[in-house]
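Engineer: For reference, the chains in residue letters:
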Amino acid sequence: MTSELPPGLALQKVDERIMTLNVGPQHPGSGHMRIVVQIDGDYIVACDPDPGYVHRGEEKMAEYRNYILNIPHLERPVIHDSCNVLYPYVLGVEEIVGIEVPERAKYVRVIASELNRCIYTMYWLAIYGIFLGHSTMFMWPAGDRELLIDLMEKMTGARVTHAHFVPGGVRNDLPPNFEDVCLRQVNYFEKRIKEYAAVFYDNPILISRTRDTGVLSRQDAIRLGTTGSVLRASGVDYDLRIKEPYDVYDELDVHTNVMTEGDSYARSRVPWLDMIESCNIIRQALQKMPKSGSVRTKLKPNPKGKGLDSVYKRVESGRGSLGCYIVSDGKTEPYRLKMSVGSFRNLIALPYLLKGEKLGNMPSVYWSLNYWPVEADR
Amino acid sequence: MGTATGIIRALNSGIKHLAIKRFTLRYPEEKLKFVGDGYQFDPSTGVGIAGLKGRHMLFHDHCTGCQLCSIACEGVAEAIAMVKVPEEQKQNKKSIMPQIDYGKCVFCGLCVDACPFYALYMTNDYELSSFSKEGLIYTPAQLAVKPYVAQDSEIQITDRGASHG
Chain E
265 MTSELPPGLA LQKVDERIMT LNVGPQHPGS GHMRIVVQID GDYIVACDPD PGYVHRGEEK
325 MAEYRNYILN IPHLERPVIH DSCNVLYPYV LGVEEIVGIE VPERAKYVRV IASELNRCIY
385 TMYWLAIYGI FLGHSTMFMW PAGDRELLID LMEKMTGARV THAHFVPGGV RNDLPPNFED
445 VCLRQVNYFE KRIKEYAAVF YDNPILISRT RDTGVLSRQD AIRLGTTGSV LRASGVDYDL
505 RIKEPYDVYD ELDVHTNVMT EGDSYARSRV PWLDMIESCN IIRQALQKMP KSGSVRTKLK
565 PNPKGKGLDS VYKRVESGRG SLGCYIVSDG KTEPYRLKMS VGSFRNLIAL PYLLKGEKLG
625 NMPSVYWSLN YWPVEADR
Chain R
476 MGTATGIIRA LNSGIKHLAI KRFTLRYPEE KLKFVGDGYQ FDPSTGVGIA GLKGRHMLFH
536 DHCTGCQLCS IACEGVAEAI AMVKVPEEQK QNKKSIMPQI DYGKCVFCGL CVDACPFYAL
596 YMTNDYELSS FSKEGLIYTP AQLAVKPYVA QDSEIQITDR GASHG
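Residue numbers (the numbering used here), protein chains in the order written: chain E, 265 to 642; chain R, 476 to 640.
Hints are supplied without guarantee of correctness; some may be wrong.
[Stated by the list, open to error] Restraint ranges, calculated between C-beta atoms of paired labels, are given here:
1. E:Asn451 / R:Gly610: 21 to 29 Å
2. E:Tyr599 / R:Asp634: 30 to 38 Å
3. R:Asp536 / E:Asn566: 25 to 33 Å
4. E:Thr596 / R:Lys608: 28 to 36 Å
5. R:Ala625 / E:Arg448: 20 to 28 Å
6. R:Asp517 / E:Asp312: 52 to 60 Å
7. E:Ala406 / R:Asp634: 19 to 27 Å
[Stated by the list, open to error] With a Cα cut of at most 25 Å, we get these calculated DSS-like pairs of lysine-lysine:
8. E:Lys564 / E:Lys552
9. E:Lys458 / R:Lys491
10. R:Lys559 / R:Lys491
11. R:Lys496 / E:Lys458
12. R:Lys608 / R:Lys621
13. E:Lys568 / E:Lys595
14. E:Lys602 / E:Lys622
15. E:Lys507 / E:Lys602
16. E:Lys619 / E:Lys570
17. E:Lys324 / R:Lys579
18. E:Lys455 / R:Lys621
19. R:Lys608 / R:Lys559
20. R:Lys559 / R:Lys569
21. R:Lys496 / E:Lys455
22. E:Lys552 / E:Lys324
Because the hints were derived from the structure by calculation, they are not lab data.
This one's a predicted model, so the numbers in the text were calculated from it and none came from an experiment.
Beta carbons are placed, not taken as given, at the ideal position from N, Cα and C, and that holds for glycine.
Throw the hints in and build the complete structure from the sequences for me.
Structural biologist: Here you go:
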């Protein structure tokens, strides 16, 4: 019977023990997506993630706007990580238009993207805390995040959606006395996040809930094509800041944090360790940054490509590798723009991880994938 | 480390917070201080000046009615419309100036980057709420007024923790 059906369709055996449960899209524990789980008692037998509720057509929109006017809407997928979302696009347009970036602007970009990575990760961590019922871990990151948001606000003039990066550099120079304020607040921030160890990461209650749940082996992590902290938590040392350094990352001393367990606990711990590493990068960049100089190469108001051309650039965002493929046909608008985002790559691991888990472990496994629904839908 | 020790350590870490200062900003009694007078742009160098991207400010004696801000906004938010103004400026032959709808504006500041005549800046004013949609539409006359802002609170870091002082 099954062999006569067209490909992709299959008859499902009805089992009265199995119940289908829709988690989302209105459920606070799912974000802007639906997870269809089939449960047998308390155990998940199958899971079908259903993203697409916040699809905005960013890629199509980009074909109708010129290279500068694409900036505000392309950072909307992840407003907390807007500098990193914009980074590959800006690097790609620089190659298409053919402009050089001043040295100081490269350092400013690295500082901005590292601050943004921390801001995003703190938001993610706050939600991870409240998913596990740990309200302290919701309040602390949400409050300490303010230290870095204040820095971004001084730097770019906006708390989220900064629209700070442009092809050719950044839009404005750092305000006076920024280096001192940044160093002071980043040092205090690092001291604060190290305190999370006692209350959260070394907490036996958290460990007993997340250890050995949703284990993703090293082979599966590579086979499924996961990226970012999910890949590093499974024992693969892969970070684009080291493997394919962009801007000035090759001049900075960047370390990656790798854990081999591959469970929810490791996946939640790696982003936290990455934040401490980000603080180190910011301090190095502040030290090595040229003290004066231009931050933006002047660009024509309506920049054009140099004919038929395509470029693919990728950066390490808060959720993993984030790529942007731009095809130019010599006009002022891109002919095609494709974003390859880390969230969507990590989501594919969810059905594998949830099979055989208890339903109560679903939120911790799901959110430990470092998944941002709006980014996956684009 | 045993389970009991771990839980006590976690509780202890929270109790320490009773001694440190409260970080919360008591808005609206206190308001955050920003650097500068808002985001500005220097067309001669092509680089902006850091500041908050808040409500715009329009200098009537500089605006030529060239519509570049409106064209820049078309691809972003379509918030800027060019409207007739009663006054006559000698550099503004058509007597048109931008009118900004803050129900649509996303505060990206690309209109400020587009202005070649130093006519459009942004200010530190971010409290723009209104009871009607019409109240969010700022006419050129309203945009010319420099906002009054009382913002003085900054993040202070001491040994007892960070606070908004």
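Engineer: Is it true that the CA of Lys455 of chain E sits at most 25 Å from the CA of Lys621 of chain R?
Structural biologist: 41 Å, violated
Engineer: Is the Cα-Cα distance between Lys564 of chain E and Lys552 of chain E 25 Å or less?
Structural biologist: Measuring from Cα to Cα gives roughly 30 Å; hence the hint is violated.
Engineer: Using the C-beta atoms of Asn451 of chain E and Gly610 of chain R, is the stated range 21 to 29 Å upheld?
Structural biologist: With Cβ atoms ~44 Å apart, the hint is violated.
Engineer: Given the hint of 20 to 28 Å, is the C-beta distance from Ala625 of chain R to Arg448 of chain E inside that range or not?
Structural biologist: Because 25 Å falls inside the window, the suggested range holds.
Engineer: Regarding the pair Lys608 of chain R and Lys559 of chain R, is the alpha-carbon distance no greater than 25 Å?
Structural biologist: Holds, at roughly 21 Å.
Engineer: Decide if the proposed pair is consistent with the structure: Lys559 of chain R and Lys491 of chain R, CA atoms, cutoff 25 Å inclusive.
Structural biologist: 62 Å, violated
Engineer: Within 28 to 36 Å or not, the Cβ separation of Thr596 of chain E and Lys608 of chain R?
Structural biologist: 33 Å, holds
Engineer: Going straight from one Cα to the other, do Lys552 of chain E and Lys324 of chain E come out at no more than 25 Å?
Structural biologist: Judged against 25 Å, a Cα distance of about 40 Å means the pair is violated.
Engineer: Tell me if the straight-line CA distance from Lys507 of chain E to Lys602 of chain E falls inside 25 Å.
Structural biologist: Status holds; Cα separation ~22 Å.
Engineer: When you check the alpha-carbon spacing of Lys568 of chain E and Lys595 of chain E, does it fall within 25 Å?
Structural biologist: Holds, at about 5 Å.
Engineer: Would you check the hint for Lys602 of chain E and Lys622 of chain E, treating anything up to 25 Å between C-alpha atoms as holding?
Structural biologist: 37 Å, violated
Engineer: Within 19 to 27 Å: is that where the Cβ-Cβ distance between Ala406 of chain E and Asp634 of chain R falls?
Structural biologist: 23 Å, holds
Comparing the model with each numbered hint stated earlier shows that hints 1, 2, 8, 10, 14, 16, 18, 22 do not hold.
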